[in-house]
Amino acid sequence: MKNSNNWREIRKNYFTQKELHEIDHEVAKEAAILKKLQDSISKEVAAFMAKKNIGFNEFMLLMHSNPRQMSKIVKGDCNLTMLSIAELATVMGKNVKIVFE
Numbered sequence: 285m286k287n288s289n290n291w292r293e294i295r296k297n298y299f300t301q302k303e304l305h306e307i308d309h310e311v312a313k314e315a316a317i318l319k320k321l322q323d324s325i326s327k328e329v330a331a332f333m334a335k336k337n338i339g340f341n342e343f344m345l346l347m348h349s350n351p352r353q354m355s356k357i358v359k360g361d362c363n364l365t366m367l368s369i370a371e372l373a374t375v376m377g378k379n380v381k382i383v384f385e
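Quick note: the sequence shown uses the working numbering, first residue 285, plus one each step.
Heads up, a few of these hints could be off.
In silico BS3-like links for lysine-lysine, alpha-carbon gap of 27 Å or less [what the hints assert, rightly or not]:
id, residue 1, residue 2
1, K296, K335
2, K336, K313
3, K313, K335
4, K320, K296
5, K313, K356
6, K381, K327
7, K319, K381
8, K327, K356
9, K359, K378
10, K356, K319
These are calculated hints, taken from the structure and not from any lab test.
Construct all of the structure, not just a fragment, from the sequences and the given hints.
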């Protein structure tokens, strides 16, 4: 038996409309926070590169990274671990402070 229902249809069997609305709202908030973090890191990296007058490849070497990962960081499309954020901060000579507001 082929099931052609997508997850949006299937989830209606398990959650009320109110629950679905709450879930969607939380997901949207998480996505917005993630994007804000990504943009913040991207801006810091761009400012560092400009200040030090270094290009993409030189920064990639400083980070001991690969082109794909560095491109995601520079574009603000990365999903970094805490360790990667600490490595970035160390290379840039910065401290990191996460504040929950």
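Each hint tested on the structure:
1. K296 x K335: Outside the cut-off at roughly 52 Å; violated.
2. K336 x K313: violated, 35 Å
3. K313 x K335: With a Cα-Cα distance of about 33 Å, the restraint between K313 and K335 is violated, given a limit of 27 Å.
4. K320 x K296: Given that 27 Å is the threshold and the Cα spacing comes to 30 Å, the pair is violated.
5. K313 x K356: Measuring from Cα to Cα gives roughly 21 Å; hence the hint holds.
6. K381 x K327: Within the cut-off at roughly 16 Å; holds.
7. K319 x K381: holds, 17 Å
8. K327 x K356: Holds, because 12 Å separates the two Cα atoms, which is no more than 27 Å.
9. K359 x K378: holds, 20 Å
10. K356 x K319: Status holds; Cα separation ~12 Å.
Checked against the numbered hints listed earlier, the structure breaks hints 1, 2, 3, 4; every other hint is satisfied.
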